[in-house]
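Colleague: Keeping their order, the protein sequence lines are chains A and B.
First residue of the first sequence? That's 1 in the numbering used here, and the numbers climb one at a time after it.
First residue of the second sequence? That's 1001 in the numbering used here, and the numbers climb one at a time after it.
Keep in mind that the hints were calculated from the coordinates and are not lab data.
Computed from a predicted model, the values in this text were never measured in an experiment.
Every residue gets a Cβ at the ideal spot worked out from N, C-alpha and C, and that includes glycine.
Heads up, some of the hints might be wrong.
Chain A residues, not near chain B, derived (Cβ > 10 Å throughout) [said to hold, decoys possible]:
hint	residue
1	VAL31
2	PRO36
3	GLU40
4	ALA56
5	GLU59
6	ARG87
7	ARG103
8	GLN139
9	ARG146
DSBU-like mimics (lysine-lysine), calculated; alpha carbons at most 35 Å apart, straight line [unchecked claim]:
hint	chain 1	residue 1	chain 2	residue 2
10	A	LYS54	A	LYS160
11	B	LYS1054	B	LYS1032
12	A	LYS53	A	LYS160
13	B	LYS1011	B	LYS1054
14	A	LYS160	B	LYS1054
15	B	LYS1032	A	LYS129
16	A	LYS32	A	LYS129
17	B	LYS1012	B	LYS1087
18	B	LYS1011	B	LYS1032
19	B	LYS1087	B	LYS1032
20	B	LYS1087	A	LYS32
21	B	LYS1032	A	LYS158
22	B	LYS1032	A	LYS53
23	A	LYS54	B	LYS1032
24	A	LYS32	A	LYS158
25	B	LYS1054	B	LYS1087
26	A	LYS129	A	LYS160
27	A	LYS129	A	LYS54
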Amino acid sequence: MFQKPELCRQSSLERLSRVRFSPQMLTNDAVKPLTPQEVEAAVHRYWEVSSGKKSAAQETFYSEIASVFTSSSRRLEPARLVLLRRRREYLESASIMTVNIGRIEIELLDPATGVAAYTIGLHVEHVAKPGALGEKDLQEHIDHARVTHVFQRADDGKLKIVHEHISAPQE
Amino acid sequence: MRAFWDLFAAKKPEQWQRYYADVATIFATSSKRPEPARLVVLRRQREYLSSAAKMRIEVGRVEVELLGPSCAVAAYLMRLHAEQIAKAAAVGHRVSEEHLENARVTQVFIRNADGDLRIVHEHISAPS
Chain A
1 MFQKPELCRQ SSLERLSRVR FSPQMLTNDA VKPLTPQEVE AAVHRYWEVS
51 SGKKSAAQET FYSEIASVFT SSSRRLEPAR LVLLRRRREY LESASIMTVN
101 IGRIEIELLD PATGVAAYTI GLHVEHVAKP GALGEKDLQE HIDHARVTHV
151 FQRADDGKLK IVHEHISAPQ E
Chain B
1001 MRAFWDLFAA KKPEQWQRYY ADVATIFATS SKRPEPARLV VLRRQREYLS
1051 SAAKMRIEVG RVEVELLGPS CAVAAYLMRL HAEQIAKAAA VGHRVSEEHL
1101 ENARVTQVFI RNADGDLRIV HEHISAPS
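The task is simple: from the sequences and hints, build the whole structure.
Modeller: Next up, the structure:
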């Protein structure tokens, strides 16, 4: 785990090159400067889709290269892996999810990138977590789940999550 | 990023706090809302950067995503072992030691007009 630092991933360099050198590929939405209102709307849409258990729609929020720290993960994981797990445990199970979003702090980093930091009250019933003796029916309640979402506008103009960090405050 | 933690472990508060942008927000390990960096910096100075405190920090493999010509996000794990600190625990009493084995860290950087990297958002947490 504690090894020499890794240089930036090839995928991000490739994306930068594409944006820099092929502007004719971009749609009108893709060159529209990002606004705090747009980021805030994306956060609300994301949780509407998630609590509505729309797994296909939830997946479209993530960039292909997105990375995620979930509330319990002990390492950074690719979003595609986290999404598969969430689909099994939350979205395709009998779970009932309630999310209350708190005040969202938004910082725009450049015309295409913004970071949203906020807390949510997350209450889930009937989570299907795998256990040693089969699947367990659990509840999950986090009153002050802390969320960081880094959004970036994709070539098609849509906002995508490129990094997510969700955690519970330490007691 | 490594220079940032080296300065913190070496208790050089003036140089260390310069890494934060004026507008930076932070989720510290126990905070229940995003806080302004200037507030967290003051608290960390009081709790960790006193003359008696001793800290050992190990930064793991760092995943960096370049988001544009002047911004990037770094995500990594770190270990922190701190002794002789004066940290207020959530339950009210004070603790003199802190040991985080698998702290998860997200830091969002931007390059400012002077060409220096600054942290605009930081999220540190322990897995639940």
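Colleague: Checking a non-interface call: every C-beta of chain B should be farther than 10 Å from the C-beta of A/PRO36. Is that right?
Modeller: Fine: 12 Å to the nearest Cβ keeps A/PRO36 off the interface.
Colleague: Between A/LYS129 and A/LYS54, is the straight-line Cα distance small enough, at 35 Å or below?
Modeller: Measuring from Cα to Cα gives roughly 19 Å; hence the hint holds.
Colleague: Holds or violated: are the alpha carbons of A/LYS32 and A/LYS158 at most 35 Å from each other?
Modeller: 10 Å, holds
Colleague: Checking one constraint from the list: CA of B/LYS1087 to CA of A/LYS32, max 35 Å. Satisfied?
Modeller: This hinted pair is violated, its Cα atoms lying about 46 Å apart.
Colleague: With 10 Å as the threshold, tell me whether A/GLN139 passes as away from chain B on beta-carbon distances.
Modeller: 14 Å, holds
Colleague: CA of A/LYS54 to CA of B/LYS1032, is that 35 Å or under?
Modeller: Holds: A/LYS54 and B/LYS1032 sit about 28 Å apart, inside 35 Å.
Colleague: Say whether it holds or is violated: A/ARG146 keeps its Cβ farther than 10 Å from all Cβ of chain B.
Modeller: 5 Å, violated
Colleague: For the pair supplied as a hint, B/LYS1011 and B/LYS1032, is the alpha-carbon distance within the 35 Å limit?
Modeller: Within the cut-off at roughly 26 Å; holds.
Colleague: Holds or violated: A/LYS53 with A/LYS160, Cα cutoff 35 Å?
Modeller: 18 Å, holds
Colleague: With 10 Å as the threshold, tell me whether A/GLU40 passes as away from chain B on beta-carbon distances.
Modeller: 14 Å, holds
Colleague: Beyond 10 Å from every chain B Cβ: check whether that's true for A/GLU59.
Modeller: 19 Å, holds
Colleague: Do the alpha carbons of A/LYS54 and A/LYS160 lie within 35 Å of each other, as the hint requires?
Modeller: Given that 35 Å is the threshold and the Cα spacing comes to 16 Å, the pair holds.
Violated hints, in rising order: 7, 9, 14, 16, 20; the structure is consistent with all others.
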